[in-house]
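K.L.:
Line by line, the protein sequences give chains E and G.
Quick note: the first sequence, position 161, residue 169 per the numbering used here, numbers continuous.
Quick note: the second sequence, position 43, residue 90 per the numbering used here, numbers continuous.
Keep in mind that the hints were calculated from the coordinates and are not lab data.
Just so you know, even glycine gets a beta-carbon here, dropped at the ideal spot from N, CA and C.
Be aware that a few hints might be false.
Derived list of chain G stretches under chain E, where covered just means 3 residues or more per stretch with a C-beta under 8 Å from a C-beta of chain E [stated by the list, open to error]: (1) 59-66; (2) 78-92; (3) 164-178; (4) 253-264.
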Amino acid sequence: MRKRHLAPFRYLAFSIEIILLMALQSTPKLIPQILGGTPLLLFAAALTFAAVEEPVPALILGAVCGGVTDLISGNAVGYYAAVTTLICLGISLLLHTRLRSTLFSLAVLSAAAVPLAVWLYFVLFRLIPGTPGAGTLFVNHYLAKAGFTFVCILPLYPLNKWLSRRLA
Amino acid sequence: MNRFKNYKTLKALIITLVAIAVAGVLSLGDNSVISSGFNFLTRGLFQLSAAATASIDSASSEDIRAENEKLKKENAELRSQLADYLAVKEENKKLWGYYGLKKENPSFEIKPANVIRRDANADFYSFTLDIGSALGVQAGNPVITENGLVGRVSRVDGATCVVSTVLSPETKASALDRQSGDAGIISGNATLCDQNRTAMSKISEDNKIKEDDLIVTAGTGGVYPDGLIVGKVVELGFNSYDASRYAVVEPYEDIKSITSAAVITDFSGKGEVRK
Chain E
9 MRKRHLAPFR
19 YLAFSIEIIL
29 LMALQSTPKL
39 IPQILGGTPL
49 LLFAAALTFA
59 AVEEPVPALI
69 LGAVCGGVTD
79 LISGNAVGYY
89 AAVTTLICLG
99 ISLLLHTRLR
109 STLFSLAVLS
119 AAAVPLAVWL
129 YFVLFRLIPG
139 TPGAGTLFVN
149 HYLAKAGFTF
159 VCILPLYPLN
169 KWLSRRLA
Chain G
48 MNRFKNYKTL
58 KALIITLVAI
68 AVAGVLSLGD
78 NSVISSGFNF
88 LTRGLFQLSA
98 AATASIDSAS
108 SEDIRAENEK
118 LKKENAELRS
128 QLADYLAVKE
138 ENKKLWGYYG
148 LKKENPSFEI
158 KPANVIRRDA
168 NADFYSFTLD
178 IGSALGVQAG
188 NPVITENGLV
198 GRVSRVDGAT
208 CVVSTVLSPE
218 TKASALDRQS
228 GDAGIISGNA
238 TLCDQNRTAM
248 SKISEDNKIK
258 EDDLIVTAGT
268 GGVYPDGLIV
278 GKVVELGFNS
288 YDASRYAVVE
298 PYEDIKSITS
308 AAVITDFSGK
318 GEVRK
């Protein structure tokens with residue numbers, strides 16, 4: 009049973025985490041490109057929030073992480089905000105009703121969610137507008153981006169699980 | 048109870064999606080309320096983190112490291128003074144470069160800036176600078192370093208601007224081979240961008256472009272001033288799909304790793320289309 013009086017501290021901790029990951033994700037030269045990709049840390053964090061939070065807070069945290077991802081990319085709030093919200097809601101509902109919330113179950117769901125979000129972005133913003141060499145871009149950057157985003161879920165889940173338990 | 052819980056979740060989802068739609072509308076276009084507010088609030092954080100990584104980067108060079116080792120034996124005050132001096136010296140060197148450009152082209156209004164963001168979603172190595180419309184920056188303004196053209200401003204708000212680089216297909220600039228006088232269009236693509244290269248296409252069949260030729264902006268579209276260095280020709284090619292020739296151009300600047308740049312907010316001939 010969660011104690012309501014600790015909830016503000018939990019969300020404060022998540023907010024600090026979002027700010028730190030935002031800085032990490034977009035500071036030049038901080039995270040090196042590996043195989044042409046850098047991770048979407050905020051998206052990875054949103055998925056782990058979804059695993060440890062109830063559906064409503066999960067979708068709100070997803071919207072915040074997605075909205076910030078859109079803004080630091082220099083885009084209007086839209087794609088990542090909407091997609092992350094829906095994916096976080098789906099993951100939270102599944103992990104709180106049908107599955108047990110473990111790293112393994114989150115990893116299985118994320119293995120589908122991360123490539124889906126990255127692939128959909130590629131289709132909507134690169135393939136359909138006809139960006140020259142879109143296929144090369146996908147192979148050289150998007151596959152690695154999806155891979156590293158998935159990998160980042162693995163250390164973020166225990167951290168958020170711990171925060172969630174300590175400040176439950 | 049379960050139905051009530053589902054109803055609550057559905058209601059939260061609808062409210063969140065409506066909020067996203069409203070935020071999306073409010074963050075559309077240049078100088079939007081949401082983007083300006085967000086960048087105004089976070090600019091300090093990104094300036095700090097970008098400066099921190101830039102100092103880590105400069106300390107990695109052999110000369111600085113050797114000098115730093117020597118200075119470690121001296122007191123802490125001297126070390127900090129030297130770090131300040133090196134930063135100022137580097138900035139001074141860049142500013143002299145811009146000053147030289149300004150002296151050659153008195154009509155240029157040049158605004159120096161620092162790169163504060165390079166996001167994981169930034170295809171074609173676009174980046175964000177820490178100046179915006181408050182300093183007169185507008186979408187479409189050319190962005191340069193002391194080594195030549197690096198791109199153009201694609202999006203601007205009060206505090207920051209996003210730069211689309213010459214490695215991107217979204218950046219198109221009319222260009223000339225300074226040696227042969229052949230004209231073409233500079234535009235990047237996914238195949239070349241990872242090698243810090245762009246392409247000059249739409250060149251004539253009987254062109255006289257050679258490797259190592261210098262490519263400069265033609266300035267015919269009124270978007271870029273004429274004579275800005277784009278890079279040198281490193282390869283000549285033939286596109287079998289549309290039977291056209293192209294030149295692979297390598298900018299003198301390593302666009303993937305620049306930490307500062309300058310925006311040309313005004314120049315003689317801006318907005319004038321010439322033939």
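K.L.:
Closer than 8 Å, Cβ to Cβ, for at least three residues: run that test on the stretch 59-66 of chain G against chain E and report holds or violated.
P.N.:
With 5 residues close enough to chain E, the hint holds.
K.L.:
Count the residues of the stretch 78-92 of chain G whose Cβ falls closer than 8 Å to any Cβ of chain E, and tell me whether that reaches three.
P.N.:
holds (count 7)
K.L.:
Can you take a look at whether the stretch 164-178 of chain G is actually covered by chain E? Rule is 3+ residues, C-beta closer than 8 Å.
P.N.:
The restraint on the stretch 164-178 of chain G holds, since 10 of its residues have a Cβ under 8 Å from chain E and three suffice.
K.L.:
Confirm or reject the coverage of the stretch 253-264 of chain G by chain E under the rule of 3 or more residues with a beta carbon closer than 8 Å to the chain's beta carbons.
P.N.:
It is violated: at least three residues are needed, and the stretch 253-264 of chain G offers just 0 whose Cβ sits closer than 8 Å to chain E.
The earlier numbered hint that this structure contradicts is number 4, and it is the only one.
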